Amino acid sequence: MENYKKYLVLAKDNSNLTDFAKRQETIFQLENARSDAFNVTGPTSRLYIKTSNKLYDLYFEEEEYEEALDIAKEVFNLIKSSPDIKLKSKIIVNLGFAYLKNGNISKAKEIASTYTFDEENPEYPYYCLFRAALSQVYKDKYMEISYLQNAYKSSVNGESSNSEIANILIAIALYYERTKSIKSAYMAYLEIFHKATELSLELTDEERFSFLIRLSTLAIKNENEKLALDLLTKSTVAMNKKLGTRHPLIKIANKVLQSVQPKQ
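Note that the numbering used here has the sequence shown beginning at 1, numbered continuously upward.
The reader is advised that the hints may include incorrect statements.
Unchecked claim - As a list, the in silico SDA-like pairs of lysine to any residue whose alpha-carbon atoms are at most 25 angstroms apart: (1) Lys-80 <-> Ser-113; (2) Lys-50 <-> Lys-73; (3) Lys-180 <-> Ser-135; (4) Lys-86 <-> Lys-107; (5) Lys-153 <-> Glu-2; (6) Lys-6 <-> Thr-233; (7) Lys-54 <-> Glu-202; (8) Lys-183 <-> Asn-224; (9) Lys-255 <-> Leu-203; (10) Lys-90 <-> Ala-112; (11) Lys-226 <-> Asn-240; (12) Lys-107 <-> Glu-64; (13) Lys-141 <-> Ile-192; (14) Lys-73 <-> Gly-103; (15) Lys-86 <-> Asn-150; (16) Lys-221 <-> Lys-234; (17) Lys-6 <-> Ser-200; (18) Lys-90 <-> Tyr-7; (19) Lys-88 <-> Thr-44; (20) Lys-50 <-> Glu-159; (21) Lys-6 <-> Lys-221; (22) Lys-221 <-> Leu-190; (23) Lys-73 <-> Asn-121; (24) Lys-153 <-> Thr-179; (25) Lys-234 <-> Leu-257; (26) Lys-101 <-> Asp-118; (27) Lys-241 <-> Leu-203; (28) Lys-183 <-> Gln-261; (29) Lys-54 <-> Ser-163; (30) Lys-86 <-> Asp-70; (31) Lys-12 <-> Glu-202; (32) Lys-22 <-> Glu-202; (33) Lys-90 <-> Glu-2; (34) Lys-86 <-> Tyr-152; (35) Lys-183 <-> Leu-203; (36) Lys-22 <-> Leu-55; (37) Lys-73 <-> Phe-28; (38) Lys-234 <-> Lys-255; (39) Lys-88 <-> Asn-77; (40) Lys-73 <-> Gln-29.
Read the hints as simulated data drawn from the structure, not as lab findings. In this text the structure is predicted, and so the values were computed from the model without any measurement.
Take the sequences, apply the hints, and build the full model.
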């Protein structure tokens with residue numbers, strides 16, 4: 001499932017290369033593990049398929065979409081006749097997403113047209129996210145939000161983890177914000193804020209701070225300046241210490257605060 005949390009980030013500090021190096025090391029290790037699985041158990045083994053899927057997810061997260069597509073195509077050809085519906089469904093959507101991210105819209109549309117999932121399919125929420133992303137490319141806002149809402153409804157009633165449910169809620173909030181549905185965006189972010197503990201929402205410092213800035217900005221637009229001040233005042237002080245005063249997010253937060261404070 002695509003990680004929508006990373007799209008929360010309003011600005012990044014690219015001077016810290018430590019995390020990037022760690023992620024690249026993880027990819028390197030998984031590439032070796034995949035090679036070992038191929039040599040020891042063969043390309044049709046469950047171990048090889050599982051390791052390939054993990055590597056796909058890492059490539060996708062790092063936006064190395066060409067590599068992700070290569071893996072998706074290979075694995076898709078390996079599991080075409082598999083009786084495992086969940087596995088097969090996940091890989092079909094992996095392939096569709098990979099085509100989409102590589103700009104091959106016609107192939108992504110072909111996947112969507114050829115393979116239709118119903119609500120009984122365990123990967124239905126993931127499939128709906130793919131269809132929503134495809135709808136966004138075609139600027140079909142109605143179908144996009146319909147698929148996002150179906151993804152959420154199915155995830156709550158199905159086998160999805162709390163992390164996956166939170167991820168879908170973030171996708172919905174980002175949709176409303178992008179389409180300038182200010183009230184709906186505000187309510188969506190507020191719902192995530194109140195459900196964060198319940199859903200065990202895990203965010204990086206940059207994601208968490210960006211989330212609070214987004215929510216505060218929407219609170220101001222919805223005439224709840226007190227909430228914006230409460231959220232941003234303490235968090236900006238804390239993030240100053242964690243991220244440093246020069247981090248671009250600190251500048252954005254201070255600008256939002258300055259827009260409210262003169263009115264107090």
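Comparing the hints with the structure gives:
1. The suggested pairing of Lys-80 with Ser-113 holds, with an alpha-carbon distance near 17 angstroms, which does not exceed 25 angstroms.
2. Our distance criterion of 25 angstroms between C-alpha atoms is met by Lys-50 and Lys-73, whose separation comes to about 14 angstroms.
3. For the hint pairing Lys-180 with Ser-135, the CA-to-CA distance comes to about 17 angstroms; that is within 25 angstroms, so the pair holds.
4. A distance of roughly 22 angstroms separates the Cα atoms of Lys-86 and Lys-107; the hinted pair therefore holds under the 25 angstroms criterion.
5. Of the pairs offered as hints, the one joining Lys-153 and Glu-2 holds, with about 17 angstroms between alpha carbons and a cut-off of 25 angstroms not exceeded.
6. Between Lys-6 and Thr-233 the alpha-carbon distance is near 23 angstroms, which keeps this suggested pair within the 25 angstroms criterion.
7. Taking the CA atoms of Lys-54 and Glu-202, the gap is about 20 angstroms. The hint holds against a cut of 25 angstroms.
8. Between the alpha carbons of Lys-183 and Asn-224 the distance comes to roughly 12 angstroms, so the proposed pair stays at or under 25 angstroms and holds.
9. At roughly 23 angstroms between alpha-carbon atoms, Lys-255 and Leu-203 fall within 25 angstroms of each other, so this suggested pair holds.
10. Between Lys-90 and Ala-112 the alpha-carbon distance is near 13 angstroms, which keeps this suggested pair within the 25 angstroms criterion.
11. A distance of roughly 21 angstroms separates the Cα atoms of Lys-226 and Asn-240; the hinted pair therefore holds under the 25 angstroms criterion.
12. Pair hint Lys-107 plus Glu-64 holds up; C-alpha atoms about 18 angstroms apart against a cutoff of 25 angstroms.
13. Between Lys-141 and Ile-192, the direct Cα distance comes to roughly 22 angstroms. Compliance with the 25 angstroms bound is thereby established for this hinted pair.
14. Simply put, Lys-73 and Gly-103 have alpha-carbon atoms about 15 angstroms apart, close enough for the 25 angstroms limit, and the pair holds.
15. Distance hint between Lys-86 and Asn-150 is fulfilled; the C-alpha atoms sit about 18 angstroms from each other, no more than 25 angstroms.
16. This hinted pair checks out: Lys-221 and Lys-234 have alpha carbons roughly 20 angstroms apart, not beyond 25 angstroms.
17. Among the hinted pairs, Lys-6 with Ser-200 is consistent with the structure: their alpha-carbon atoms are about 17 angstroms apart, no more than 25 angstroms.
18. A hinted pair counts as satisfied when its Cα atoms are at most 25 angstroms apart, and Lys-90 with Tyr-7 qualifies at roughly 22 angstroms.
19. Our distance criterion of 25 angstroms between C-alpha atoms is met by Lys-88 and Thr-44, whose separation comes to about 13 angstroms.
20. The hinted pair formed by Lys-50 and Glu-159 meets the criterion: a straight-line CA distance of about 19 angstroms does not exceed 25 angstroms.
21. Note on Lys-6 and Lys-221: the hinted pairing holds, with a Cα-Cα distance of about 24 angstroms set against a maximum of 25 angstroms.
22. Between the alpha carbons of Lys-221 and Leu-190 the distance comes to roughly 13 angstroms, so the proposed pair stays at or under 25 angstroms and holds.
23. Using a Cα cut-off of 25 angstroms, the hinted pair Lys-73 and Asn-121 holds, with the two alpha carbons roughly 21 angstroms apart.
24. With a CA separation close to 21 angstroms, the supplied pair Lys-153 and Thr-179 stays within the 25 angstroms bound.
25. For the hint pairing Lys-234 with Leu-257, the CA-to-CA distance comes to about 11 angstroms; that is within 25 angstroms, so the pair holds.
26. The straight-line distance between the Cα atoms of Lys-101 and Asp-118 is roughly 24 angstroms, inside the 25 angstroms bound, and the hint therefore holds.
27. For a cut-off of 25 angstroms, the pair hint linking Lys-241 to Leu-203 stands: about 17 angstroms separates their Cα positions.
28. A hinted pair counts as satisfied when its Cα atoms are at most 25 angstroms apart, and Lys-183 with Gln-261 qualifies at roughly 22 angstroms.
29. Restraint check: the Cα-Cα separation between Lys-54 and Ser-163 comes to about 17 angstroms, which is no more than 25 angstroms; the hinted pair holds.
30. Under the criterion of a C-alpha separation no larger than 25 angstroms, the hint pairing Lys-86 with Asp-70 is consistent with the structure, at around 21 angstroms.
31. For a cut-off of 25 angstroms, the pair hint linking Lys-12 to Glu-202 stands: about 18 angstroms separates their Cα positions.
32. Restraint check for Lys-22 and Glu-202: satisfied, since their Cα atoms lie roughly 19 angstroms apart, inside the 25 angstroms limit.
33. For the given pair, Lys-90 sits about 12 angstroms from Glu-2 by alpha-carbon distance, which is consistent with the 25 angstroms threshold.
34. As the CA atoms of Lys-86 and Tyr-152 are separated by approximately 18 angstroms, the hinted pair is consistent with the 25 angstroms bound.
35. Restraint check for Lys-183 and Leu-203: satisfied, since their Cα atoms lie roughly 24 angstroms apart, inside the 25 angstroms limit.
36. Restraint check: the Cα-Cα separation between Lys-22 and Leu-55 comes to about 15 angstroms, which is no more than 25 angstroms; the hinted pair holds.
37. A distance of roughly 20 angstroms separates the Cα atoms of Lys-73 and Phe-28; the hinted pair therefore holds under the 25 angstroms criterion.
38. At most 25 angstroms may separate the alpha-carbon atoms for a hinted pair to count; Lys-234 and Lys-255 meet this at roughly 15 angstroms.
39. Of the supplied pair hints, the one linking Lys-88 and Asn-77 holds, its CA atoms being roughly 10 angstroms apart against a limit of 25 angstroms.
40. Restraint check for Lys-73 and Gln-29: the C-alpha separation of about 21 angstroms stays at or below 25 angstroms, so the hint holds.
Comparing the model with each earlier hint shows no violations; every hint is respected.
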